[in-house]
Amino acid sequence: MTKVKYPQKRNYRQRAHSNPLSDHSFDYPVSPDVMDWTKLYPRFKPENEVKFCDIGCGYGGLLVTLSPMFPETYMVGFEIRVKVSDYVNDRFLALRQDNEVYHNAGVIRTNAMKYLPNFFRKGQLEKMFILYPDPHFKKCKHKWRIVSEGLLAEYAYVLKVGGLVYTVSDVKEVHDWMVEHFTNFPLFERYDPPAEDKAAQVLIGSTEEGKKVLRNKGQSWTAIFKRIEDPYLVNCAGT
Amino acid sequence: MSVLHYDKHTNSFLLGVGANLYQLSENRAKLLVKCGEAPETTEKGEPIKEGEKAPRAEGPAYITGVATCEGRVAVISNNKVVETFDRDFQRVASTVAIKRATSVQITDKTVVISDKAGDAYSYSTDLTDRKYLLGHVSVVMDMILTPDLNFLITCDRDEKIRISHFPNCYNIHSYLLGHQEYVLKILLLSPNLLLSVGGDQKLILWDLSTSQPVQTLPSPQEDYITISYSPPYILACNSRHVTVYKLTDTTLTQTSQLVTDHDIIDVASSDSRVALLTREPKLEIYQFSEGVMSGKCEVEGEIDLSQFKDSVLPEKKKVVRTAGFAEYFERKRKRIEEENLKEESKQAHINLQEKSKETHLKG
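Same order as they appear, the protein sequences are chains A and B. Heads up, the first sequence is in my numbering, so the first residue is 1 and it goes up one at a time. Heads up, the second sequence is in my numbering, so the first residue is 1 and it goes up one at a time.
In short, the hints are calculated from the structure, not lab data. All C-beta atoms in this analysis are idealised placements derived from N, C-alpha and C, irrespective of residue type, glycine included. A hint or two may mislead.
As the list claims (entries may be wrong) - Beta-carbon label-pair distances, calculated as ranges:
#1 A:Leu214 x B:Asp207: 47 to 55 angstroms
#2 B:Gln212 x A:Pro42: 28 to 36 angstroms
#3 B:Asn150 x A:Arg190: 48 to 56 angstroms
#4 B:Ala348 x A:Gln14: 50 to 58 angstroms
#5 B:Lys109 x A:Glu149: 49 to 57 angstroms
#6 B:Thr255 x A:Pro29: 29 to 37 angstroms
#7 A:Cys140 x B:His9: 39 to 47 angstroms
Stated by the list, open to error - Some but not every residue of chain A turned toward chain B, in silico, with C-beta under 10 angstroms:
#8 Pro46
#9 Lys83
#10 Met113
#11 Leu152
#12 Phe185
Unchecked claim - If you want the footprint, here are the derived chain A segments under chain B, 3+ residues with CB under 8 angstroms:
#13 122-134
#14 154-163
#15 227-236
Hey, can you work out the whole structure from these sequences and the hints?
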């Protein structure tokens with residue numbers, strides 16, 4: 001039997017930053033109704049739905065950790081860089097040969113800032129992950145940041161009420177920015193996960209980025225937020 | 001850019017040519033006011049960010065959009081100036097927007113603009129109190145504030161039509177997804193029906209209660225330029241065609257088509273007239289009855305069309321390509337091939353060694 005070949009990162013090197021505002025040529029469905037998830041998950045049935053999304057999944061570390069923890073849940077990573085998403089794709093193909101698991105996780109090369117509503121229906125997702133997002137320090141690059149007032153509306157749209165967003169960063173400024181934006185947004189509130197929240201426990205140690213931070217004895221900050229009902233509509237209904 | 005507007009409150013057309021705003025009633029044109037003058041005082045709304053300067057007017061001043069409500073008229077100009085006038089066309093308020101505005105809507109309580117950065121803002125009637133409403137990731141091409149003031153509908157270059165609650169626009173009600181290129185213009189035909197045209201050369205009629213398209217019509221001739229609505233008729237313009245459809249229930253049927261001599265820039269329609277601005281530049285007024293345009297009328301009065309500013313359609317995405325990724329996959333394929341060949345020859349070498357060992361032992 002041939003030995004399973006796992007992809008080697010040195011063959012998939014790519015520049016870390018990609019302009020999310022420009023029109024790269026992506027493959028994305030016109031609407032969630034026509035998305036064929038079986039291309040990603042060979043065992044996907046019509047009654048299944050993708051429930052977790054890792055925005056900017058990088059080399060796939062989080063998905064590889066979450067996949068066996070939630071074997072009944074379909075999860076997807078969005079990654080904008082071609083070579084990196086190709087690596088994750090090859091990684092899962094290899095993992096699936098070697099194991100009976102990992103059939104519930106996959107990657108899509110796309111732009112999460114633009115195309116979330118193309119893939120997911122309103123309130124479809126239960127969990128979203130934003131781990132070690134690119135800081136885009138320069139003011140002129142702030143509009144490339146994955147967390148902004150405008151984008152939070154889209155995240156709130158694809159997440160169900162009660163759904164959770166998990167964020168981590170090793171850059172305090174980025175963590176503070178995310179906390180400020182999420183807490184000031186009417187459809188999210190800060191959430192303290194109970195001990196049983198398995199996903200919360202693996203946020204730092206599972207990604208390549210996170211492991212690097214641990215190796216360098218750096219610090220990571222986490223913040224989790226819950227999608228809540230619109231207080232404006234609740235108030236109107238009350239009056 | 002939308003320079004022709006039918007003002008139902010006065011049953012007249014408003015036309016922006018360069019910085020000049022004209023009114024056309026009964027085929028007679030009258031210069032109303034010159035727009036786009038930068039206000040003296042900078043706006044006192046919420047600061048964009050700590051330490052940032054208030055926006056300043058920049059670029060040539062020409063009208064890019066008009067909106068009306070009973071007591072007021074709002075005008076947006078290319079130099080970022082946003083202004084409101086009373087019905088005597090005396091300037092009531094003006095301000096400078098953060099980015100060039102692409103659409104404007106006005107009610108007696110608020111002014112809403114969308115801009116080139118993809119954002120939408122609301123202003124108080126005196127244009128001082130500015131609030132951020134929502135943000136698309138690409139240019140917002142058109143915008144509608146529903147008459148009941150419950151929803152703000154915006155469409156962008158990323159093929160999306162987004163329906164947000166209003167004024168709580170952070171709460172997205174739904175998306176209308178179906179276009180495969182930029183969505184150029186949207187019209188609300190009734191509380192439940194929306195019409196859109198896009199760079200994919202489709203005219204789509206949407207049922208807002210299901211967010212699904214109920215009818216899709218392909219363009220008779222290349223790209224759509226704009227659409228206009230005079231119940232129950234819809235006028236859809238390509239560069240040389242005006243196709244009129246009648247809306248019955250939720251179906252559009254074509255009633256007539258007019259071919260023009262010159263490229264159409266913009267159109268506006270009332271119950272009895274259609275105003276057409278062409279690239280010549282020329283302003284044409286037609287009689288409009290039973291869904292048919294006829295009898296070109298002469299426009300009396302002075303309109304200085306030399307100030308006319310042309311508009312272009314956005315670039316299509318399908319034309320934009322990234323280089324290099326085909327190369328990457330080709331290199332990858334070659335690398336895998338080479339690796340496999342190496343494996344095979346290594347294996348063959350091992351087999352040969354084993355075989356020679358065997359024969360050696362036997363021998």
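Tell me if the beta carbons of Lys109 of chain B and Glu149 of chain A are separated by a distance inside 49 to 57 angstroms.
For Glu149 of chain A against Lys109 of chain B, whose Cβ atoms are near 23 angstroms apart, the range 49 to 57 angstroms is violated.
Should the interface hint for Leu152 of chain A be scored as holding, given a Cβ-Cβ cut-off of 10 angstroms against chain B?
holds, 7 angstroms
Given the range 39 to 47 angstroms, decide if the beta-carbon distance of Cys140 of chain A to His9 of chain B lies inside it.
Given range 39 to 47 angstroms: holds, Cβ gap about 43 angstroms.
Distance restraint evaluation - Leu214 of chain A, Asp207 of chain B, Cβ atoms, bounds 47 to 55 angstroms:
holds, 53 angstroms
Status of the given 50 to 58 angstroms range, CB of Gln14 of chain A versus CB of Ala348 of chain B:
violated, 35 angstroms
Given a cut of 10 angstroms on the nearest C-beta pair, is the interface hint for Met113 of chain A held or broken against chain B?
holds, 5 angstroms
Holds or violated: 48 to 56 angstroms for the Cβ distance of Asn150 of chain B and Arg190 of chain A?
violated, 30 angstroms
Chain B contact restraint on Lys83 of chain A - CB to CB distance below 10 angstroms
holds, 6 angstroms
For the range 29 to 37 angstroms, tell me whether the beta carbons of Thr255 of chain B and Pro29 of chain A fit it or not.
Once the Cβ atoms are compared, 35 angstroms apart, the range 29 to 37 angstroms for Pro29 of chain A and Thr255 of chain B holds.
Report holds or violated for chain B covering the segment 122-134 of chain A, Cβ cut-off 8 angstroms, minimum 3 residues.
violated (count 1)
With respect to the beta-carbon atoms only, verify the hint that Gln212 of chain B and Pro42 of chain A lie 28 to 36 angstroms apart.
Cβ of Gln212 of chain B to Cβ of Pro42 of chain A: about 30 angstroms, so the range 28 to 36 angstroms holds.
Double-check Phe185 of chain A for me: the hint is only fine if its C-beta lies closer than 10 angstroms to a C-beta in chain B.
holds, 7 angstroms
Of the numbered hints listed earlier, those contradicted by the structure are 3, 4, 5, 8, 13.
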